[in-house]
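S.K.: The listed protein sequences correspond, in order, to chains A and B. Per the numbering used here, the first sequence starts with residue 1, numbered consecutively. Per the numbering used here, the second sequence starts with residue 1, numbered consecutively.
It cannot be assumed that every hint is accurate.
Partial chain B-side listing against chain A, Cβ under 7 Å, derived [to be verified]:
no.	residue
1	C298
2	F375
3	D418
Covered stretches of chain B, going by a simulated chain A footprint (3 or more residues, C-beta under 8 Å) [what the hints assert, rightly or not]:
no.	region
4	171 to 180
5	223 to 229
6	377 to 390
What the hints contain is simulated information worked out from the structure, not anything from laboratory work. Here the structure is a predicted model, which means the values were calculated and not measured. Beta carbons: idealized from backbone N, C-alpha and C, even for Gly.
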Amino acid sequence: MAKVTKKKTIKKNRKARAEAAGARTKVKTDVCYDEEEDLNKNDENITSEEDESEEDERKRQKLLEAISSLGGQRRKTLGERSEAAVQMSEFTVNADGEGDKVDLSDLIGTMEKTPAVSNKTKKQLEHLKKGGVTIECPLSKQESERIQRDVAFQKAATEVSQWKGVIKQNQRAPQLVFPLNQEPSGPKPMERVVSGWKARTPLEMEIFALLSANKQPVNDPVLTPVEEEALKAMSLEEAQVRRAELQKARALQSYYEAKARREAKIKSKAYHKVQNRAKRRDFLKKFDHMVASDPAAALEELRKMEAARIQERMSLKHQNSGKWAKSKALMAKYDEGARRAMQQQLEVNKELTQKVVTSLNPQEDEEEEEGSGDAEVLPDFVNDAERALDYSNPWMRGKLTEEQTENKTGEPMDEGGAGAVEKTVEEEEEEEVEETEEEVLLRQFDQRRKRRQAQEVDLLPEVKADDEEEKAEEEEQKEEEELSEFTSIFREVADGRREAAAAAGQMDASAALDEGLMRIRTLEDVELLSQEVEQEEEEEEESVQAPPPEKPPAQKVDKKRKRGIELKEVLTKKTEVIKAALAPTVEDAEDGDEDLDQRGLIREAFAGDDVIADFLKDKRSQEETGKPKPVNLALPGWGEWGGVGLKPSNRKRRRFAVKTAPPPPRKDHHLPSVIISEKRNGTLSACQVNSLPFPFQSHAQFESTIRAPTGRTWNTERTFHKLIQPRVVTQLGGIIEPMAREELLKDRKQRSAASDAFIKKY
Amino acid sequence: MASSGEPVVTGSHVGKKKKSAARYWQEQREEERKDGNKVGQDGDHKHQLQGKQQKKQKAKKRKHEDQQTDGKEFISGKSDPFPGPAPIPKENIQKFKRKAKVKKPHHRHYKLRDVIHQSEVSSKMAQKQAARFDLLLPEDAGFLEGDEDEDTCTISQEDIAEAVDITSGAKYFNLKLSQFGPYRVDYSKTGRHLLLGGRRGHIACVDWQSKHLMCEINVMESVNDVKWLHSEAMYAVAQKKWLYVYDSKGIELHCIRKFNDVLRMQFLPYHFLLATASATGFLQYLDVSVGKEVAAICTKAGRLDVMCQNPHNAIIHLGHHNGTVTLWSPNQKEPLVKMLCHQGGIRSLAVDKTGTYMVTSGMDKKLKVYDIRAFKPLKSYFIPAGASCLSLSQRGLLSAATGDIVQVYRDVWSTPVDKPYMAHRVHGTVWGLNFCPFEDVLGVGHGDGFTSMLTPGAGEPNFDGLDANPYRSTKQRQEWEVKALLEKIQPELISLNPSDLGRVDRATFDQRHQDRVEALGFDPLAKEKFTPKYKKKGRSSAGNIERRKKQVAHEDQRDVIRLAVEDKVRMQKERKDREKKAAVLSSHRSALDRFKK
């Protein structure tokens, strides 16, 4: 590869030579490659020798030029015409000093000499000369833009940073209400509303002009002179009286309304029946009056009634032809209730379709009678043999016969043409008859009552006898009570003895109890016993005098003996005897059995036997389990003989024993007669806060913030609402616009006051 | 019931002199009260005298300010004579105080500062408002006062009933029910309804003020205890074998077979839990809102026939025959606290409303008062006959039954007592004893029926209408029931100190994990053990299985190793980076540094 490239270079050289020299003789054509380079050099030397004459001159000149240019300023060379060119000056005039600056001194050098120039200008010029400040050339576009941007940014930043305070305040505010700058809702004080308002718009102005022209009041109190006069016209008493009247009327109205409502609510049929009847009767009476006084109105009324009657007759409402009536008809044969219901309905029908007969239209009497006869047509089952007295059945009533007789008596009179007046009387009588039905009921009640009273009277002697018996019983009871009293007294005596024993020798009892306690201990317990007895004696003295101040039992703990609690430290509270107001007569035994009582006595006697010791044992074992177990890392067989029955030596065991930190003192450390469980409450911890939330730095801080409950149960209603108010409140549909510039101008204090307003209220 | 709370006795005992009714806290806080009175009255006086000037000044000032600020005046020309919010007495505010506040952090931590400030402000506001609303509790409690040299305990019930007004007098009555043996008594939470359970099976619900009998049944079995559930619509009866629930009409709703041989019951109203103690030594909790057994704890302490609850923290106290009292919550299988109270067995227990004091009586005929917060004995009394039943009223009266005598004591924990406040003899042994809430009435169930005693100063005169309203209608009751169910406290939250819930759990992750394992019954983070699948055609040979197991084990190990290596590499890289950074920061370049790689 290398050789090939060499060849190429050689060829190039050759070409160059040929071009430069033109005709050159080839000294050697057959050359080995090694020699050729040398040859090339030789060739070049030969060619330079040939051009020497021309080049030397130029070189010399250039050198001279270079030397001359070394000192002082570079002089622009004269234009040398070396090539053919169009823009060449004919006179070889060159703009000499083209690149040189023009100095001011060059220009005003002549000025000094000319006397025409004033001194002032000369001075000025000199001053200019001295300053010699030249204006710097303008910055590049990029640079200037950068500077502009920078300045603009700084300006914007200062503007924006003005908002910083407001924003921070809003961020920290407990509540924000949007849109901002709302008028506070709710009632405003009158003063502010009145004084703050002025007529501004042309409409308002006009209105005010009108008002003032007519002497209408504009400000408080807003009353026209007429109104004021009216106010004066009515005195206070009158007004009060009037008001009272109105009040009374209103109250009465409300009472009536309430009554009507109440009555309308009553569901009792019987009540309504009676009520309706009474109303009708009233109406008839009124009607009679009306006939006398105002016949025209009466006629109108009559027509109305007639219309109603016709309507009723036309309708099948109470004709026993409806679905319900049919079903009842089916049942009527067997069911008394159904039958009664049907008959009731028929009765209603009869009542409603009865023609109103008055003196005004006597000619319709016969028709009415016929109608009534029609109405009495009944289904045949009614005529079936039916038995018991049924008051609701008009055909089975006792009065029926009377009615008939009356009718009979009435008929001849009717026939005699006695007139309609008689008829009305009859009707009224009928009403009365119906009334009497009620009376019958009442009478029956009365009778029953009387009967009962009579019975009671009959019973009275028996009762008396009973009373006597009771008295006898009571006497017996008294006797029994006396007996029981005897027994109770006996018991009391016994109790009294016991109490005396207890009161006088209470120590003995306790000592006895303690004896039981002592049984399990030895030696030192003897001392303890004596101590306790002494203590008890002291107690007694103290209880007689004054209650001694309580001493914590932990103080008595002998510091040398850390082993645990002494028996004497447990249950050392001094007792005070309470005097019973009444001695119990009944021995309290939970089941009242004698055996149990016995057992209780025995238990009582041996009470406290080993209770304390058991408890202390329990406590010790609990403490033991709480302690961490000692760890020994000694391995048998290392460094010594191992095997069955061989244990590592004491030294080694001591050497490898790991000391564990003693557990924190138990909660019941100072309480001799209490065992408090050291177990963790895992279920509760699931509901507790596990880690400290963000801004808090210590547990105490966080715990203090959640110490007050928020719920309704612990707070008043208002507080509760204050505590749970939302962070942001927006008005529904209200447009939330960006904050205006005026926000900035507001006093900071004012804002803070607004945000903390609810705090200061309380 | 303030009306009978201050019996204006006109009879032989107190009526002769017209003295203002003495209050039983007078002794306690005599000086304090005097001072308070002074402050209250003199202070008021002064306040008025001084206040006028001050107020004038203030008013002036205010006006001035107004003029200054916006130049407006009241049109009426009057100024507010009582400017600013009404003052609140300091004791009132103190009453509603919650824990001390902490020091505010430095300004630097402005966020934290804000949070703390905000909470402080709101809690202060709540405290003030609560104190202000204390005004709405107008009723006062009174008590019985005898003549000079007269013991109040000698005043008989008849005399009291005669002296007080007719409605209060009607609250003393006897029900003669000698047939069905001694009675257990329970009042509903509102104090309106009374439940009687006779030993021989007789059960009666009575609206005791109107004497309206709601239902009466005989269960034809021995009855151990009766208890109202959350409302007067339901009650539980511990019968011979099982626990039954009846409604107020006497219809049997449930027979709960899981709860057998129940001897005593307690109902925790805010947790809807029925706690039962049985003869077999089991303490069981039944959630009556969902009918689920919440916990069954074997106490290993024999027959449990002494039981009471701490209304403050819903802890159940049990008394045992060996003189110990144990405290239980449904969350722990062992007693929270075990304290030795008596040398003999415990006969009865009672805890006061605030959860501060516990009163016990034992077979050793002693009556002891304990501070249950510190577990320390405060007082010890010797009652000659020994108290079989104890009950504490809302205002701290203690009633103790000795045989057929009911004794009522006052202030057993603060001052040493040497004689009872009241005493009353009933027929037969007392078996049940209960103070009626919001009434000055003590219900005594005994062998011969039931006696309703008047005990002036027993009940809380002011009731919380949203919690236990004695005058509520059916509709209100229904509404209350819904709300109470919504606000039901879960049994997991029962603990000795109720404020523990507001503390941050400082346990480590391991402890928490252990709790979780205990709660779930398994370890959720534990890795499943690999069991090779059974393959047919002899490919499940022992060797093959072993090989597969090993393969999996190796893979696991490789994973572990890979992770460890990655970790190591990462650590190294980090360390290098750190060093480089440190070097750059220190800018201590020596000339030879360039040769470092």
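S.K.: Which hints from the list above does the structure break, by number from lowest to highest?
M.R.: Of the numbered hints, 1, 4 and 5 do not hold.
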